[in-house]
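What follows is the residue order along each chain.
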Amino acid sequence: MAIPAEKFQRAERKLTEAEAIRRPSLTFWQDVWIRLRKNWLGMGGLVVILLLAFMAIAGPWMTEYTYYQQDLGDGRNLGPSSEHWFGTDDLGRDMFVRTWYGARVSLTIGVVAALIDLVIGVLYGGISGYKGGRTDEIMMRIVDVLWGLPYLLVVILLLVVLGPGLDTIIIALTVTGWLNMARLVRGQVLQLKNQEYVMAARTLGADTKRLMKKHLIPNTMGPILVLLTYTVPNAIFAEAFLSFLGLGVQAPVASWGTMIDDALTVILTDEWWRLFFPTLFLSLTLLAFNAFGDGLRDVLDPKMRK
Amino acid sequence: MTNQTILQIEGLHVSFQTYNGEVKAVRGVDLHLDKGETLAIVGESGSGKSVTAQSIVRLIPSPPGVIKSGTIRFGERDLTQVPDQEMYKIRGSEIGMIFQDPMTSLNPTMTVGRQITEGLQWHHDFGKGEALQKAVEMLRLVGIPNPERRIHQYPHQYSGGMRQRAMIAIALACNPKILIADEPTTALDVTIQAQILDLMKELQQKMETAIILITHDLGVVAEMAQRVAVMYGGKVVETGRVDDIFHRSRHPYTWGLMDSMPRLDQKREDDLIPIPGSPPDLLDPPRGCPFADRCPHAMYICHEEMPAWTEVSDSHQVSCWLEHPDAPAADRDEPAARVNIR
Amino acid sequence: MARYIGQRLILLLVTLWLISTVTFVLMHSIPGDPFSSEKKLPEQTLRALEAKYNLDKPLPQQYVLYMKNLATGDLGISIKTPSRSVNEILSAGFPVSARLGLQAIVIASFAGVIMGMIAAIRQNRPTDYILMVVAVLGLSVPNFVLGPLMQKYLGLEWEIFPIASWGDGFGSEFQYTVLPSIALSFLPLALVTRLMRSSMLDVLGQDYIRTARAKGLPPLKVFSRHTLRNAIIPVVTILGPITINILTGSFVIEKIFSIPGIGKYFVDSISNRDYSVIMGVTIFYSALLVMMNFVVDLLYGLIDPRIKLGAKEGN
Numbered sequence: 001m002a003i004p005a006e007k008f009q010r011a012e013r014k015l016t017e018a019e020a021i022r023r024p025s026l027t028f029w030q031d032v033w034i035r036l037r038k039n040w041l042g043m044g045g046l047v048v049i050l051l052l053a054f055m056a057i058a059g060p061w062m063t064e065y066t067y068y069q070q071d072l073g074d075g076r077n078l079g080p081s082s083e084h085w086f087g088t089d090d091l092g093r094d095m096f097v098r099t100w101y102g103a104r105v106s107l108t109i110g111v112v113a114a115l116i117d118l119v120i121g122v123l124y125g126g127i128s129g130y131k132g133g134r135t136d137e138i139m140m141r142i143v144d145v146l147w148g149l150p151y152l153l154v155v156i157l158l159l160v161v162l163g164p165g166l167d168t169i170i171i172a173l174t175v176t177g178w179l180n181m182a183r184l185v186r187g188q189v190l191q192l193k194n195q196e197y198v199m200a201a202r203t204l205g206a207d208t209k210r211l212m213k214k215h216l217i218p219n220t221m222g223p224i225l226v227l228l229t230y231t232v233p234n235a236i237f238a239e240a241f242l243s244f245l246g247l248g249v250q251a252p253v254a255s256w257g258t259m260i261d262d263a264l265t266v267i268l269t270d271e272w273w274r275l276f277f278p279t280l281f282l283s284l285t286l287l288a289f290n291a292f293g294d295g296l297r298d299v300l301d302p303k304m305r306k
Numbered sequence: 001m002t003n004q005t006i007l008q009i010e011g012l013h014v015s016f017q018t019y020n021g022e023v024k025a026v027r028g029v030d031l032h033l034d035k036g037e038t039l040a041i042v043g044e045s046g047s048g049k050s051v052t053a054q055s056i057v058r059l060i061p062s063p064p065g066v067i068k069s070g071t072i073r074f075g076e077r078d079l080t081q082v083p084d085q086e087m088y089k090i091r092g093s094e095i096g097m098i099f100q101d102p103m104t105s106l107n108p109t110m111t112v113g114r115q116i117t118e119g120l121q122w123h124h125d126f127g128k129g130e131a132l133q134k135a136v137e138m139l140r141l142v143g144i145p146n147p148e149r150r151i152h153q154y155p156h157q158y159s160g161g162m163r164q165r166a167m168i169a170i171a172l173a174c175n176p177k178i179l180i181a182d183e184p185t186t187a188l189d190v191t192i193q194a195q196i197l198d199l200m201k202e203l204q205q206k207m208e209t210a211i212i213l214i215t216h217d218l219g220v221v222a223e224m225a226q227r228v229a230v231m232y233g234g235k236v237v238e239t240g241r242v243d244d245i246f247h248r249s250r251h252p253y254t255w256g257l258m259d260s261m262p263r264l265d266q267k268r269e270d271d272l273i274p275i276p277g278s279p280p281d282l283l284d285p286p287r288g289c290p291f292a293d294r295c296p297h298a299m300y301i302c303h304e305e306m307p308a309w310t311e312v313s314d315s316h317q318v319s320c321w322l323e324h325p326d327a328p329a330a331d332r333d334e335p336a337a338r339v340n341i342r
Numbered sequence: 001m002a003r004y005i006g007q008r009l010i011l012l013l014v015t016l017w018l019i020s021t022v023t024f025v026l027m028h029s030i031p032g033d034p035f036s037s038e039k040k041l042p043e044q045t046l047r048a049l050e051a052k053y054n055l056d057k058p059l060p061q062q063y064v065l066y067m068k069n070l071a072t073g074d075l076g077i078s079i080k081t082p083s084r085s086v087n088e089i090l091s092a093g094f095p096v097s098a099r100l101g102l103q104a105i106v107i108a109s110f111a112g113v114i115m116g117m118i119a120a121i122r123q124n125r126p127t128d129y130i131l132m133v134v135a136v137l138g139l140s141v142p143n144f145v146l147g148p149l150m151q152k153y154l155g156l157e158w159e160i161f162p163i164a165s166w167g168d169g170f171g172s173e174f175q176y177t178v179l180p181s182i183a184l185s186f187l188p189l190a191l192v193t194r195l196m197r198s199s200m201l202d203v204l205g206q207d208y209i210r211t212a213r214a215k216g217l218p219p220l221k222v223f224s225r226h227t228l229r230n231a232i233i234p235v236v237t238i239l240g241p242i243t244i245n246i247l248t249g250s251f252v253i254e255k256i257f258s259i260p261g262i263g264k265y266f267v268d269s270i271s272n273r274d275y276s277v278i279m280g281v282t283i284f285y286s287a288l289l290v291m292m293n294f295v296v297d298l299l300y301g302l303i304d305p306r307i308k309l310g311a312k313e314g315n
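Protein chains in written order, with full-length UniProt numbering: chain Z, 1 to 306; chain U, 1 to 342; chain P, 1 to 315.
Fair warning: there could be bad hints in the mix.
[To be verified] In silico DSSO-like cross-links for lysine-lysine, where the CA-CA straight-line distance does not exceed 27 Å:
{"#": "1", "chain 1": "P", "residue 1": "K52", "chain 2": "P", "residue 2": "K68"}
{"#": "2", "chain 1": "P", "residue 1": "K221", "chain 2": "U", "residue 2": "K89"}
{"#": "3", "chain 1": "U", "residue 1": "K24", "chain 2": "Z", "residue 2": "K38"}
{"#": "4", "chain 1": "P", "residue 1": "K221", "chain 2": "U", "residue 2": "K128"}
{"#": "5", "chain 1": "U", "residue 1": "K134", "chain 2": "P", "residue 2": "K221"}
{"#": "6", "chain 1": "U", "residue 1": "K177", "chain 2": "P", "residue 2": "K221"}
{"#": "7", "chain 1": "P", "residue 1": "K80", "chain 2": "P", "residue 2": "K255"}
{"#": "8", "chain 1": "U", "residue 1": "K89", "chain 2": "U", "residue 2": "K35"}
{"#": "9", "chain 1": "U", "residue 1": "K89", "chain 2": "U", "residue 2": "K177"}
{"#": "10", "chain 1": "U", "residue 1": "K201", "chain 2": "U", "residue 2": "K134"}
{"#": "11", "chain 1": "P", "residue 1": "K255", "chain 2": "P", "residue 2": "K152"}
[Said to hold, decoys possible] These stretches of chain U come out as covered by chain Z in the derived footprint (C-beta under 8 Å, 3 or more residues):
{"#": "12", "segment": "302–314"}
{"#": "13", "segment": "319–327"}
[To be verified] Just the calculated beta-carbon pair ranges, DEER-fashion:
{"#": "14", "chain 1": "Z", "residue 1": "P252", "chain 2": "U", "residue 2": "Q17", "range": "55 to 65 Å"}
{"#": "15", "chain 1": "P", "residue 1": "T127", "chain 2": "U", "residue 2": "Q153", "range": "34 to 44 Å"}
{"#": "16", "chain 1": "P", "residue 1": "Q175", "chain 2": "Z", "residue 2": "I138", "range": "44 to 54 Å"}
{"#": "17", "chain 1": "P", "residue 1": "L220", "chain 2": "U", "residue 2": "N146", "range": "27 to 37 Å"}
{"#": "18", "chain 1": "U", "residue 1": "T186", "chain 2": "P", "residue 2": "I114", "range": "35 to 45 Å"}
{"#": "19", "chain 1": "U", "residue 1": "Q153", "chain 2": "P", "residue 2": "L220", "range": "23 to 33 Å"}
{"#": "20", "chain 1": "Z", "residue 1": "A53", "chain 2": "P", "residue 2": "V236", "range": "31 to 41 Å"}
{"#": "21", "chain 1": "P", "residue 1": "Q7", "chain 2": "Z", "residue 2": "Y130", "range": "21 to 31 Å"}
{"#": "22", "chain 1": "U", "residue 1": "H156", "chain 2": "P", "residue 2": "T72", "range": "38 to 48 Å"}
{"#": "23", "chain 1": "Z", "residue 1": "V47", "chain 2": "P", "residue 2": "I114", "range": "29 to 39 Å"}
{"#": "24", "chain 1": "P", "residue 1": "Y153", "chain 2": "U", "residue 2": "Q153", "range": "49 to 59 Å"}
{"#": "25", "chain 1": "U", "residue 1": "Q17", "chain 2": "Z", "residue 2": "D167", "range": "54 to 64 Å"}
Derived from the structure by calculation, the hints contain no laboratory data.
We put the beta carbon where it would ideally sit given N, CA and C, even for glycine.
Please work from the sequences and hints to get the whole structure.
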């Protein structure tokens, strides 16, 4: 088969096309967001968290009842209905309002405890890692010793002493809770310090801002963010656990933990809604934060970047 | 196929199923390997050279990798067809393999000795003592001092060069007919590289092993190989004896490879010339010559149809449209670098 | 090695001293005396009680006395049931708690390793998804909900297992221990499963697995010799946290299942503010945990030849 002569003409080269950079350059947060959007696990977690947060804020206003208003007459132990969407408890209190009020308490405990952990951890770990040498050694030995303490036992002990309450629970949870964060931050700071040698080596003309944006923040922020996400459900779980031991927030204030504890006393009866709703939303919250944390971890892992 | 040939690959197609579609990593490769010789497969990353080599012993990760078609003749058998049980007997005993990164290729929680003996015990009915003795012998053979002591150590107690020596000991322990070396020196220091290459050559002569050497380093090729296959975009584009490829190469990609390699006789003011552009997307491979997009001599036909093989000599074949009688003469020295990249 | 063990033992003693001191200070910083909640006691009885518990002495002296007793292993006497010493309570409850805890650890680690392994091998297939759903449930359903539900359905309604009873100490009959052990092991099981899965996937992608296959070893041999051992190493590191989890979990599980273990006494002592029992249990369990962590570290050094115990950690 003859090939027409014009086929043997030189073809023009389309190098621009071959050389085109396929991926546009993105900032760290843009990059994280784009990859997170594709991570259905993390996105699912995030959406559920946002919904729960919305209901925690708006839920208690959606009905005419309050979390402490009792109805000791016919209003006791009612199943879910159009009047009381989640039913009522043995004091005739509306479970819908109490569930979302409990969400406020549980989420507050989780988020505030995590944030306090973050602040203490960043300060302690940051100083330890930044100062280095002897200071670092002593500070880390202290962490090692505290590390050996059984976390929940210490919390229980503190609550026995401080007395139950929202503020004391948060204090008790953060007294040992910051250790994880401090260790992590110290590790990150050390890494950051070593990065500075790299910077020094490339000093002349090296763009610090670019280094920060492209290397330091992506590599140090990620693990901290992930740990922060995991801290929230741990604190929420701890509160529920303490409520079960009678060390949670005090009546009439509701948290999911205290509601579950109340409901367990009537588990053998048919008032399934008493246990069902607080457990459902507690589990959903733990699930959502864990899923979000997993998603975030996958997204932020530098090894995952292609 | 001469009676010297011990391995003959024909029409090999290998694909990887990914979320984005089918990556056609190897698209019709023909190769053969003669007894005791060293065949180098060269090409840049993504050219399909490693996948070709790993397909021989079916070591491509599967899933997602699949051998779509083709035959790999090894003696009487077609390695693409033999049952798994038989493949386990061939791997390690008749065909050995060493890999690029000795730091990660050895099991960190098993002594080096144990990693050598387990292959021996699996393929031969060696007793424990016998296998251990053979392992010591192998370590000595690959030049590890004090093998009686070293054999009980873990990989992290070895240096990088020693680990690669240990890898070679593992691969050659059962005296295989073929050794597949997948970038065996890429991860090593330059001085260690030379030692490892010398060792491989020495052992090859002693044990009469044929070697398939995967590399992108033409220096290594010159040092080791008798024959070379140049791969690009999942295809072999030129094959020949070492001097054919180094001195009489006919394919513009091979020219590009040569020009991008530093040479001793190079004048100082001559820069190394990179090949502009990037390799083709094998999710959607080009219809014509895979190199056409980057080729300074590309013609319209190059983009449309894959060129046939041209016999340059008995030992030297090339697949390029420039060989066609109607093609204009190409000037090898028309440098690719003249194209302004930025 | 000996030097390392020595250092660790010193750290262990420091930790224990710190725990007992903190516990002591905390317990004695509660306003009022431990008897104030009771009905008004006659002045004389109060004095006698205070003398009995050394509460009439100045705090530093009390501290010295407590530490002295502690050094000989004497944890004092229960305030609410003065006929019993804390040591008696611990020695009565410990066999029960130990049986429950050990059973839960065994379930969590063995089943967790196997489930994680299967999930990794069947990655992204239905089996994997089902196992991961179970693991996620374990993380999100608290054991104090799971326990009562199991009692209600498996115990009362379907009558598969007996509930609210426990046989004899450590040697209790198996059927009494099934439900509480499972309830207690659910969360650690989930943790181990998830960790084992990701660790397996990591190891399966390692170059040395390819090397083992290149030697011609059949899949089962590659798996047992190369994959499993390396994949299990990270699991060993979470044995410590898991023990803590099971220990604190046993507080609620023992309460729910009315199991006469240390946890139940502890929960009771919290609700009636029996300070000497709270103190005793805290110190006892802390000692247990600190030693457990020590053992885990030694184990880790044994299983992973790369870890040199006592070598300075890199950054």
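Do the hints match the structure? See the list:
Distance check on the hinted pair: K52 of chain P and K68 of chain P sit about 16 Å apart at the alpha-carbon level, within 27 Å; holds. Only pairs whose Cα atoms come within 27 Å are accepted, and K221 of chain P paired with K89 of chain U is accepted, the gap being roughly 13 Å. For the hint pairing K24 of chain U with K38 of chain Z, the CA-to-CA distance comes to about 26 Å; that is within 27 Å, so the pair holds. Under the criterion of a C-alpha separation no larger than 27 Å, the hint pairing K221 of chain P with K128 of chain U is consistent with the structure, at around 17 Å.
Of the pairs offered as hints, the one joining K134 of chain U and K221 of chain P holds, with about 21 Å between alpha carbons and a cut-off of 27 Å not exceeded. Taking the CA atoms of K177 of chain U and K221 of chain P, the gap is about 24 Å. The hint holds against a cut of 27 Å. Between K80 of chain P and K255 of chain P, the direct Cα distance comes to roughly 19 Å. Compliance with the 27 Å bound is thereby established for this hinted pair. Restraint check for K89 of chain U and K35 of chain U: the C-alpha separation of about 20 Å stays at or below 27 Å, so the hint holds.
Distance hint between K89 of chain U and K177 of chain U is fulfilled; the C-alpha atoms sit about 13 Å from each other, no more than 27 Å. A distance of roughly 21 Å separates the Cα atoms of K201 of chain U and K134 of chain U; the hinted pair therefore holds under the 27 Å criterion. The hinted pair formed by K255 of chain P and K152 of chain P meets the criterion: a straight-line CA distance of about 15 Å does not exceed 27 Å. Judged by the Cβ-Cβ criterion of 8 Å, the segment 302–314 of chain U is covered by chain Z as claimed, because 3 of its residues qualify and three suffice.
Coverage of a stretch by a chain is defined here by at least three residues with a beta carbon nearer than 8 Å to that chain's beta carbons; for the segment 319–327 of chain U and chain Z the count is 4, and the condition holds. Take P252 of chain Z and Q17 of chain U: their Cβ atoms lie about 60 Å apart, and the range 55 to 65 Å holds. A hinted range of 34 to 44 Å for the beta carbons of T127 of chain P and Q153 of chain U is consistent with their spacing of about 40 Å. For Q175 of chain P paired with I138 of chain Z, a C-beta distance near 53 Å keeps the hint of 44 to 54 Å intact.
Distance hint check: the CB atoms of L220 of chain P and N146 of chain U are about 35 Å apart, consistent with the given range 27 to 37 Å. Here the CB-CB span from T186 of chain U to I114 of chain P is close to 39 Å, well matched to the stated 35 to 45 Å. Between Q153 of chain U and L220 of chain P the Cβ separation comes to about 27 Å, which falls inside the hinted range of 23 to 33 Å. Roughly 38 Å separates the CB atoms of A53 of chain Z and V236 of chain P, a value that falls within the hinted 31 to 41 Å.
Checking the proposed 21 to 31 Å range against Q7 of chain P and Y130 of chain Z shows it holds: the Cβ atoms sit about 26 Å from each other. Range check, H156 of chain U to T72 of chain P: about 46 Å between beta-carbon atoms, so the 38 to 48 Å window is met. Evaluation of the 29 to 39 Å hint for V47 of chain Z and I114 of chain P yields a pass: the beta carbon distance comes to about 33 Å. At roughly 56 Å, the beta carbons of Y153 of chain P and Q153 of chain U sit within the given window of 49 to 59 Å.
Q17 of chain U and D167 of chain Z have their C-beta atoms about 57 Å apart, which keeps the hinted 54 to 64 Å range intact.
Taken one by one, the earlier hints all hold for this structure without exception.
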